[in-house]
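Colleague: Assembly of the complex is requested from the two constituent chains, each provided in isolation within its own frame, with the hints serving as guidance.
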Amino acid sequence: MYLNLSWRNIWRNKKRTIIAVASVFFAVIIAVNTRSMQLGSYSYMIHSSARFYTGYFQIQQKNYWEKRSLENTLLQDSIDYKKLRNANYVKALAPRLESFALISFKNTTRVAQVVGIDPQMENEESGLKERLVKGEYLEPQDYSGLISKGLAQLLGVSIGDSIVLYGQGYHGQIAAALLPVKGIIEYPIRELNNTMFYLPLKAAQDIFLTGNRLTSVAVMIDDNRHLEKAKQALSAVIPPQYTLLDWKTMLPELHQSIQFDNISGMLMLAILYVVIAFGVFGTIIMMINERVKEFGILIAVGMKKVRLLIVTFWEIVFIAFLGAASGLIAAIPIVWYFSLHPIRFTGDVTKTFDALGIEPIFSFSTDPLIFLNQALVVFLIALATFIYPIYFMKRFEASRAIRS
Amino acid sequence: MALIEIEHLDKIYNTTAVPVKALNDVTLQFERGEFTSVVGPSGSGKTTFLNMVGGLDRPTKGKIVIDGTNLAELKGSKLVEFRLHHIGFVFQAFNLIPVFTALENVEFIMLLQGISKEERQKRAIELLEAVGLGDRIHSRPGQLSGGQQQRVAVARALASKPEFVLADEPTANLDSKSAEDLLTLMEELNREYQTTFIFSTHDPRVIKRARRIVTLCDGKVEKDETV
Ligand SMILES: Nc1ncnc2c1ncn2[C@@H]1O[C@H](COP(=O)(O)OP(=O)(O)OP(=O)(O)O)[C@@H](O)[C@H]1O
Ligand SMILES: [Mg+2]
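Just so you know, the sequences run in chain order A and B. Residue 3 in this note's numbering sits at position 3 of the first sequence, with consecutive numbering throughout. Residue 150 in this note's numbering sits at position 150 of the second sequence, with consecutive numbering throughout.
Treat the hints with caution; some may be incorrect.
Simulated pairs of lysine-lysine, DSS-like, Cα-Cα distance not exceeding 30 Å [as the list claims (entries may be wrong)]:
#1 A:K351 to A:K134
#2 A:K231 to A:K91
#3 B:K63 to A:K305
#4 A:K305 to B:K75
#5 A:K304 to A:K394
#6 B:K75 to A:K394
#7 A:K305 to B:K61
FYI, nobody ran anything at the bench for these hints, they're computed from the structure.
Bound-form chain B, shown alone (with noise of 0.2 Å):
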């Protein structure tokens, strides 16, 4: 069985005057180790189909199984249980806390999971010196430039060892060369401890150090092709 199992999914705003279908039927897997990007014009679905992805919005039709779990089966705080111990998250921007250093931005996920102080602290100054952060890691989320303020959301994203990472746009805020390097960085992640990446970008120069490239247009899939 695929790690993420998506059938006949339909996402339908009813918020506006005219209801806008933002996905229509999306039918998807992704193994364990994927390295993926979802593309496509603006308004194409993209960050829908990942917020459906990752439980942070509910589909209108359509199952999402993940490792043998059906979120529609998960309720309130159980769906964000689900999120803490699951699936790692890296936003475009305003990833970190910012009265939290880097090392306690990344220790805080482990703190919502439980984890005792020792095995926190050890765990993410491994993570930031792995992001290459090493020498940063009591420098504010204000001290730090964009790219490596990216570069603590994917530790953070990591730190709760989950079953895969997704991460909307997450070069969109970053100078073409930094946008590289975060990349580089999630290439050896992926290539290192088998992390599983799930990102959508506009970026060409992103695009292509994928190795599955998923095209959504209208909310449809109009291409998935494995590099």
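Same shape as in the complex, but just chain A (with noise of 0.2 Å):
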């Protein structure tokens, strides 16, 4: 009967009812779509530069990262590739041996980041078998390399023709080969297409002089929605003389863009929601101030104040969780549609995405914490507006009030 008179109370006055549940419901479609589309994208763009080169993690001995020596190398035998990938979340590795060398053909000589791959491996991690416009991918056991395009124009060379490598191996021997070019590949990015060389890593150590070692190990995994349990799932499983960066780290400029244009869309949301709870608040002192005579009586007649409180609280809470609700199911298919069908884009706006090397799209995520997010900030508000039934009531003379 308490939740009955609650919910009757609510429609005495309808129109301002809905008002008031409008309003919420509009900004939860809002606040559920803009959310969904900035972390949708956000994770699109994350997803897509690991995948380009350096994977959601990346596992090195301690010094490597800052001094990108070889003598900063992780044993291939003590890395257990079965245990990371069934850690959670993990769904492609990729072990590397990498370094800067000098890549020449006929005059022409140009610094080149040469890889050692496993190409199977390697290929599931960043998909490098797609980027191969011309000639073959290649076999663990060949002694030939895959060319990025742009290199490959810089120097002149085509399928086929060989390259005289030449650079620092381990312990500062010299690295030198000649090594035939099996195949081109092409990266949308700048930097990369001009600069990439892989081979595979047996012919890598090979020429490296390296042994059984490795530089790195990168690590995808499903999204970066998982990134700290995955975290956490890794840290267990590799050795303690071992680190494990993540992308935040291996790409700053990407880190700090992001959260940049995180906090700005936060503080967009958080206005409207401003707005939205004085919204709220103006409904429910008006539906205090006009009942003041009623609850004299009721009270006068025996009711106790914190019964009263509990009515009013809630009327506020249907009328949150109307809004909420409504705007929560409305906003469902809006971001389910455009999460199979990603918004794309024309414009200024493209840039950015060009610079990433990614298709201007905006992606949305159906990260179901979204959803209760929004539901989670609709309910403060609603607390947050108790407080003047609470402040009312705390000053509320009944005798007063009925003579009023």
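Modeller: As structure tokens, then:
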């Protein structure tokens, strides 16, 4: 009967209640959609960037990241791929031996990033095979390489030509080799397109005289959402002398720009919600002030203030709940649709995406946390507006209210 | 011992620039089964007096003992509880919860008392029949006339089985026919169930129905006559 009373009370002034519910409804729809778009785009950017090269994580020797030296390497046998692969959320692993070296063809020499890879694992990790535009992909036993298209053009190499690789190997030894070009790969990002050179891990270890060593193992996971959990799972299985770097460390610019964008997005929503909160607050104040006499009489005949407060609390909850629930229900199909059909961009915005070398689309995230968070925010607003009834009841005197 | 014992009651309002002495040394007793009217000119202290007796406001000085309980000793929600179980109220207007039907309004007070649903409904229907609204139990206050609303208010006041009913100008918003009818109803209830009624009024036609008339003037008991 108390709940019934609250429910009927909110419909005393239908228009006003509908307006309050509608404001919450629209706020929730807007909030869910903008959050979903923001977070979806971040995951998309992060995932694309991780896939290009770094992975979400890399397992490295402790000092490798600062010095990038072959002296800070991992022993291949110390890595248990099976255990790593079985860690939660892990989707792919790619052992690598990388170094900078000079690559010459005829009279031209360029600096290249030379990466020894396990061809199949690397393909799972970064989709390298899909980048092949000419020639063939590597086999583990090959003694040949894949050259990025920009670099190939600078050097004037084509399939079947042999390049000279020259650099520093393990313990300062000279690394030199004559390697045929087996395939040409293309990157949409210029820096990568002009510098990358891949060869099978075994060949790289021979050329750089490292024996059974790696510089890193790159790790892909399913989604950035699970970064922290995956980190925990991985940390538990990597040998203690090694370290686990995440993309935030390896791609600091991306991390910062996302953080900045995220904060500005949340600020906008905070402003929206503050406006809505005041709207709801106003409704509650009106709902209470027009019933002063009724409250007075109810208290006079024996209703405790606490009881009355519970009735008003449910009134607020009903309004907030109606708005939030209808907003969430309406937002779900929208978000769902856009997560399946991402918005494609034209114009200036595309530059940001070009720089990252990814398609200019806004993907939508369907992370349930987004929906949950909005519901939580609305609930907090409801709690905050409840301050008024409490304050009101504290000073309320039934005898005076009845006289007024 | 009388049902209500009031001794040397003073009430001074300090909220205005000049303090108002709304009650001045009022000493009265009320017995069970009384049918009493409190009368007096506007501003004489009728409402103030009924509010004190009903435990809605605290006296500045003096003592009110109801059925052996000194109201001054009841604090906060204890006082609310005391009102719920011992006193019935009928006000001039806005008595009822507008979103509830007549039946629900009468039931509600018993809900506050923690009475079971079946018993609540049974008693509420009986009471509404007793006040002549047996066919309107599902009407909301807005669908009832002023007189009918006051009848529901009387039914509600009785629902909690109070020691007595306080009614501050219950007929003030009614036309004379409805006022007469309400009084007739109250008289019947008083006769049949020995319900104690204390009501204030301006209306001479209502005054003459009372069996005891307490006249206030400037906060003092000017006359106390049994008719
Ligand atoms: N809250 C208050 N603050 C200050 N003075 C008050 C307050 N309530 C009542 N008074 C004063 O107390 C006196 C008695 O008022 P009360 O309302 O009890 O009179 P009444 O007999 O009920 O009058 P009426 O017939 O007009 O209802 C009046 O002078 C009134 O102005
Ligand atoms: Mg009065």
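Colleague: Hint numbers the structure violates, sorted upward?
Modeller: none
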